[in-house]
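Asker: Each chain, written out:
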Amino acid sequence: MNTLTDRYLAATLRSVPTQRRDEIATELRASIGDMIDDRTSGGADPVTAERDVLTELGNPDLLAARYADRRLQLLGPTYYLVWWRLLKLLLSLIPAIVGTIVTIVKVSEGDGFGAIGPGIVAAMQTGVQIAFWLTLTFVLIDRFQPSTELPDWTVDQLPDVPAHRDISLPETIASVVMLLVTIGYLPFQHYRSWVRDTDGDNIPILDPSLWSFWLPALIVVLAASVVFEIVKYRTGRWTWPLYGAKALLNLAFSVPVVWLALTDRLLNPALGERLSWLAEADNRDVLGATIAVGVAVIMVWDLIDTALKTRRQTA
Amino acid sequence: MVASLVALRRPDYGYALLQRLTDHGFPVDANTLYPLLRRLEDQGLLTSEWNTEESRPRKFYRTSDEGESMLSRLLDDLAAVQTSITGLIQGVDR
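Sequences listed follow chains A and B, in order.
Heads up, the first sequence is in the working numbering, so the first residue is 1 and it goes up one at a time.
Heads up, the second sequence is in the working numbering, so the first residue is 1001 and it goes up one at a time.
Keep in mind the hints are simulated off the structure, nothing from the lab.
Possibly wrong hints are sitting among the right ones.
[What the hints assert, rightly or not] No farther apart than 16 Å at their CA atoms in a straight line, the calculated lysine to aspartate or glutamate pairs in the EDC-like style are these:
1. B:K1059 with A:E171
2. A:K232 with A:E273
3. B:K1059 with A:D22
4. B:K1059 with B:E1041
Only chain A is shown next, with the shape it has when bound in the complex:
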């Protein structure tokens, strides 16, 4: 016999405790028979009736779980909140620590920038491991110790009301990422630009002689701007001291850039060898002036915009 009913019974009984299997099978078969008879006596086709009845009874695994009084959830409400809190706590600390340690070890072995990759991989693996083992532990506790007394919640656990923020986290992260990309681009363009000389060697965009002072100085200013963004986020809103710092940083970056551009010291003179347009002094002056005006406009606009924000948020 391999009717739909037989297959349904087999599927249901597979996960029902053995000692009750036969009895449940007999009763369930009789019940299914009753239900089919009821439908065929109403004029339904037996095959259709059988299909309908089994469809009504639903997924055999679900039925079996109800017979065995088995829970159909991974982690119940008793432990869910504790699990979630612990998971957030562990994930916010341990992967970062492990990643940092691995990076430091790799750097001490002389890997340089290549040490960042293994550090990130180690941090991710640690995160996955923590999530898996913590969840497994809680599921086991939940299955076998469903009545453990957890400490009751008290009002002392209430966190402080979050300070009102005018500066959002995504905004801060975007700014920091932009700054880091800019910092990274300065050395990058020295080794990889899209311009090559006749021998196929790389021509840096910016004048290599700037590395003796101006480019490191600009990198310091950009790094200071990263710190500034973090301080600004911690403060949560624009204040006039923050505005002053911002103005200083803007000037410290843009004034040298404008001056270098106007005096034709920003771009690499070697570019003229490949781009004939740049070989003419007039054109270089026009380009330098364009860069200078562009940087100056952006800086002034940023300062005015920030001043408006500061006045609004300190009001």
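Since the structure of chain A is already known, use the hints to place chain B on it.
Answerer: Below, chain B alone, put in the same frame as chain A:
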């Protein structure tokens, strides 16, 4: 569950009980009722015996003494809820 305990004061088997409950305004899914009867039996609230005289063997359930005392407690609870609701409805100005 209350409905099953009341209805099974008269012994009955799974599908007949299902139809009886449905007729009396308690539509219940077969895949809920059959396992429920099992569990109530395990808890001693129902007794059962097999009837093999008919065309197919059927398991007849009946509310046990223990089931009766549990039922009277549940009915008291229901009555208390009903009283509270009635009091609330009357207490609220319309």
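Asker: A separate judgement is required for each hint: does it hold in the structure or not?
Answerer: How the hints compare with the structure:
no.: 1; hint: B:K1059 with A:E171; in the structure: 68 Å, violated
no.: 2; hint: A:K232 with A:E273; in the structure: 45 Å, violated
no.: 3; hint: B:K1059 with A:D22; in the structure: 13 Å, holds
no.: 4; hint: B:K1059 with B:E1041; in the structure: 12 Å, holds
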